[in-house]
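I would like the entire structure built from these sequences, with the hints used as guidance.
Chains S and V, in that order, give the protein sequences.
The numbering used here numbers the first residue of the first sequence as 1 and each following residue consecutively.
The numbering used here numbers the first residue of the second sequence as 1 and each following residue consecutively.
Rather than coming from a laboratory, the hints here were simulated on the basis of the structure.
Even for Gly, the Cβ is constructed at its ideal location relative to N, Cα and C.
Keep in mind that a hint or two might mislead.
[Claimed, not checked] Computed footprint of chain S on chain V; a stretch qualifies when at least three of its residues, placed anywhere within it, have a C-beta under 8 Å from a C-beta of chain S:
1. 1 to 8
2. 17 to 30
3. 33 to 43
4. 96 to 105
5. 170 to 184
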Amino acid sequence: MKLEFTLNGNAASWDGPPVTRLAAALRDDLGLTGTKIGCDAGDCGACTVLLDGRQVCSCLVAMGQVSGRSVETVEGLSADGEVVAALQQSFLDHGAAQCGICTPGMLMAAQELVRRNSKPTRTEVEDSLGGVLCRCTGYGKIVDAVMDVVASAPVTAPPAGEAVGARIVRVDGPAKVTGRDLFGADGIPGDALWIRVVRSPHARARFELGDLEPLRRRLAAVLTAADVPFNGYGIYPDIKDQPVLADGLVRYRGEAVVALVGERAEVMAICDDEVPIAWMPETPLFGVDAAMADDAPLVQADRPGNLLLKGGVKRGDMAAAFEGCAAVAEGTFETAFVEHAYIEPEAGWARRIGDRIEIHATTQTPYMDRDEIANLMRLKPEAVRIVPTACGGGFGGKLDLSVQPLIAVAAWTLGRPVALVYTRPESMAASTKRHPARVRARFGCDAHGKLLACDVTALFDTGAYASWGPTVANRVPVHAMGPYAIPNVRTWGEAFFTNGPPAGAFRGFGVPQAAIAHEAMLDELADRLGIDRLEFRHRNALRAGDTTATGQTLTHSAGLAQCLDALRPHWRKAHEEIAAFNATGGSRRRGIGIGCMWYGIGNTSMSNPSRMRVGLSPGGTLTLYSGALDIGQGSNTIMVQIAADAVGLPASQFALVTGDTDLTADAGKTSASRQTFVSGKAAEKAGQDLRQQILRLANAGPDAVLSLDGATLSVRDGAEVRTIDLATAGPLMGEGTFDPPTTPLDADGQGVPYATYAFAAQLAEVEVDTELGTVKVLRIVAAHDVGRAINPTLVEGQIQGGVAQGLGLALMEEYLPGRTENLHDYLIPTVGDIPEIECLLIEDREPLGPSGAKGIGEPALVPTAPAILGAVHHATGVRVHRVPLLPHRLHEGIVALKGKSQ
Amino acid sequence: MGDYLRPRGLEEALQALTRPFTVLAGGTDFYPARVGRSVTEDILDIAGIATLRGISETESGWRLGATTTWAELGEALLPPLFDGLKQAAREVGGRQIQNAGTIAGNICNASPAADGVPALLALDSEVELASRHGTRRIPLSAFITGVRKTELRPGELVVALHVLRPLNDARSAFLKLGARRYLVISIAMASVVVEVENGKVAAARIAVGACSPVAQRLPDLEQALTGARFDARLGERVAASHLAPLSPIDDVRGSAGYRSDVALVLLRRLLSKVAA
Ligand SMILES: Cc1cc2nc3c(=O)[nH]c(=O)nc-3n(C[C@H](O)[C@H](O)[C@H](O)COP(=O)(O)OP(=O)(O)OC[C@H]3O[C@@H](n4cnc5c(N)ncnc54)[C@H](O)[C@@H]3O)c2cc1C
Ligand code: FES
Ligand code: FES
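Spelled out as structure tokens, the structure:
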């Protein structure tokens, strides 16, 4: 049916079935991919547009209802001739867009408000944005951007040599606030075939495929395990245990079984029941107890006892030391499967070009994807080109392959572009999760509150496949004693296969789970000895000069004590305010808690080099070739800032080529908080290399000042100015590589697992409704030793976003296969759940890092849950042993405690 | 691909219903139930029927048109009798959902956690149903019969909800408990309408949602409040025994025992709130 309506102020017409969702029509038929789809169910708000001036989810509006009305999308926000509207500029200036996938929806929701009310209050802004989820920012900068539309003054570009430390606007920001940035589902060619994956409804089952011929006749292809040249993948070179398509056996609910390939409408119209699969369900193994049981069936045939890995760290004489402790605390803490819930579901497309396959998909790790696809397809790595799209959030979840193998296999065999976009339930069922952990901890100290001994055992549920399980099991023992100097340590980690979803990488690789345990122990010991909880931590904090449990002596940049010093005034003041509040009585009680953490930057005891290049073309284009993927955290901007100062030219003169494996060198994966430290160092070296070449050409000294004007490069050395004509000097290319120095860990976990560590301390103030069991976090103050903040706005963005995820981990997030597979049953924090988050940046320079920088991505999340749980204990006396602390669980704890005290 | 009808008049819509159609109003329950599937049913889109929309005052009370959205309700000028319903309207989803979702959609979808239902039960509202053969009215309490089950017959549409003008001055309030702020399915919610005469409760109507397959009125509590002084101590009259009509279950959002406990707390607070 042909429909007429107004689109961004212009007459528009559209033809198609009127029941088509407005979001789909905008994106697929009208070419406006600025409107994003995160769930197709009204839950995420990424698709928010204005309909007759009111915000609606365009995924819930039938095109039939649009007829004769006015639709406004992000593409229409700026007036003709305007680069960006004031609201968009405010988003840029405040750093309100990180990955940018929620940004169009946020902007449109905000637009409904600011059009009526240009100076809204915080509550009005929250009410207006309450229906749009953001997983990256923690909302603070978005709220500020909307409140200050009028006030915001454009941020100025820093001159040459002053980019590092400046709050420059993210280089990819304009594309994000205008809806021009292309994510995994945004650039799919019109002639692409589509895949729909048939997934297992069972957590554990054998199956047989029936006659697929009738389906094959209807479709372009029906792919099964037999169609994948090498049907196994996995993070580790020696563990390729996960099939692209299951082969007669499924090990978790949501595992891919059959891929239907054909015209989009055709594959979408086929229901799962039309695909002949005979299921023979078996009793699934859930949880580590079931996996460890003597008679437990195996999840992986070659893994006796369902054990993936075990290992630990031993130092001193832990058992003897406990004997001499004046106080000992112990407890067991459990966490759930947690979903990354990036707002962009996995998506991408592939095409075959001659004997090469080209993959355009959302990812965190182009080079690993390249090598893995080559392995799966039995091709040479050079035959695979990965062209990463913009990534709408990753948090570790897009380190594993998702759509890539199926689109590659299909495009390769069919010779046509093939696309796959996960639905939200599919994304949640198929993708990896945070490892559920059971952490048993015992900590002891002397009468003065000096920690003497700790014993931690962490059991992890790694789900059906190994994924990043070994990384978690290795990293946790190194961190499980917390950021404290403890002479006698035993830490141990074991990971078990179950029929849960594969647990993989998620911001912190198991360390957040362990931190819940060690911080609870510190609180208990402090309380027992009557020492202030902050001072107790200060007394035990690892400092430069201390030796860690792995035997590594920290020579520099161990700023935990400084973080605690920075928190102290806030801590003391809050204590007074809380005491005054609680003295008034009533069912609401407030509390304050503190969490500390340390985090090794980069891979654990493994080489993880980055290589970067900076080129200067004969035409005078200065380009950073960066394989470091920006998944919203801001590495595109940071690499440019670092490289600019290393070369000595302004950041604003840089062009950026990023991610494409044909055009950039391997800068490793965006994980382990490593990009600023490792790739940043490589960018610095590359910039320095280019500068050296220039200085040599100009025969100038190290302090010479460069300026670039078109193809003319001027080098001013003292009073002398030399010019280089780039057209004749030819292309120049600087290159830099950095691999952080580490050593392997021995059987007792002794060695140098990381070249440097980030440190942090956060405090949380909460209000508990003791009758309902609900927790409202009132305030977070986060002090982070980042070495050096290359871009403070981006660092704050990472902290605030990490805190928001930590809050979710503590209070609401629990993935239950088959039960919380969407964004209304699986809850992540909304704008109304996140308090104001104050960031205190501590810069204890790391000599190895670029300008002294370390990392911030994961450290931001780790201390939050412990701080919140400590605050809940302070408010109620309930020690929380299981997260998420859903209202009914806290209520139970409060009731039990009352029972005891009566 | 099925048919898609978007009539402008009610007659046309009712005539179409000689054969089965899926009714589409705000779409906020319709589309989420169809993620990743192509929609092939025949659709009757009632959102364009002007007479089904909006709130009007009648001789006996108020008529709330079926496709009145939560946002329209929240912004409408209405007496304090409707405060509870308006508070509920502002707690449905987020702004986008309030701008699209309709009151009839909420009751027809018949979710145990529908936020509009306790408030509309406390208003003692009646559902007006129309078909080619005429119209009928039934109390909302009789209209919703179970989880996702209603008295709607083939060929019928909900055209409006009716609220009678109370004999006395009336106040009302609503409270919702969810595990996060905004966009959250209720763990429990409650709504109350109190008629006040000479500083005393002349009549009270109270309903609790998400604690039974269908939200329930609490007649014993209503009885217990009648005649009580209308002041902040009203909440103290709530007793656990008043919750007998509820039958909460365990689910991902909360345990049954928890629901019983918090229903009590919500009711006490609700009554203090309405009397404040
Ligand atoms: C993200 C999100 C959050 C939500 N949050 C809440 C919440 O907090 N609280 C809450 O209660 N609900 C919530 N909902 C559910 C939903 O928004 C409401 O139930 C809404 O009122 C439904 O109205 P609608 O017009 O959109 O219904 P539709 O989706 O159009 O229709 C719903 C059902 O009712 C039938 N129907 C609709 N109108 C009529 C009629 N006049 N006659 C006969 N049948 C009819 C339809 O056939 C369909 O079966 C939420 C939904 C989403 C997507
Ligand atoms: S895509 Fe529409 S709300 Fe998520
Ligand atoms: S910036 Fe909001 S989801 Fe990424």
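How the hints compare with the structure:
Restraint check on the region 1 to 8 of chain V versus chain S: 4 residues with Cβ-Cβ distances below 8 Å, three needed, restraint holds. Counting residues of the region 17 to 30 of chain V whose beta carbon lies closer than 8 Å to any beta carbon of chain S gives 5, which reaches the threshold of three, so the coverage claim holds. Check on the region 33 to 43 of chain V: 7 of its residues sit with their Cβ under 8 Å from a Cβ of chain S, so the three-residue criterion for coverage holds. Counting residues of the region 96 to 105 of chain V whose beta-carbon sits less than 8 Å from any beta-carbon of chain S gives 4, enough to reach three: the coverage restraint holds.
With 7 residues bearing a CB less than 8 Å from a CB of chain S, the region 170 to 184 of chain V meets the requirement of three and the coverage assertion stands.
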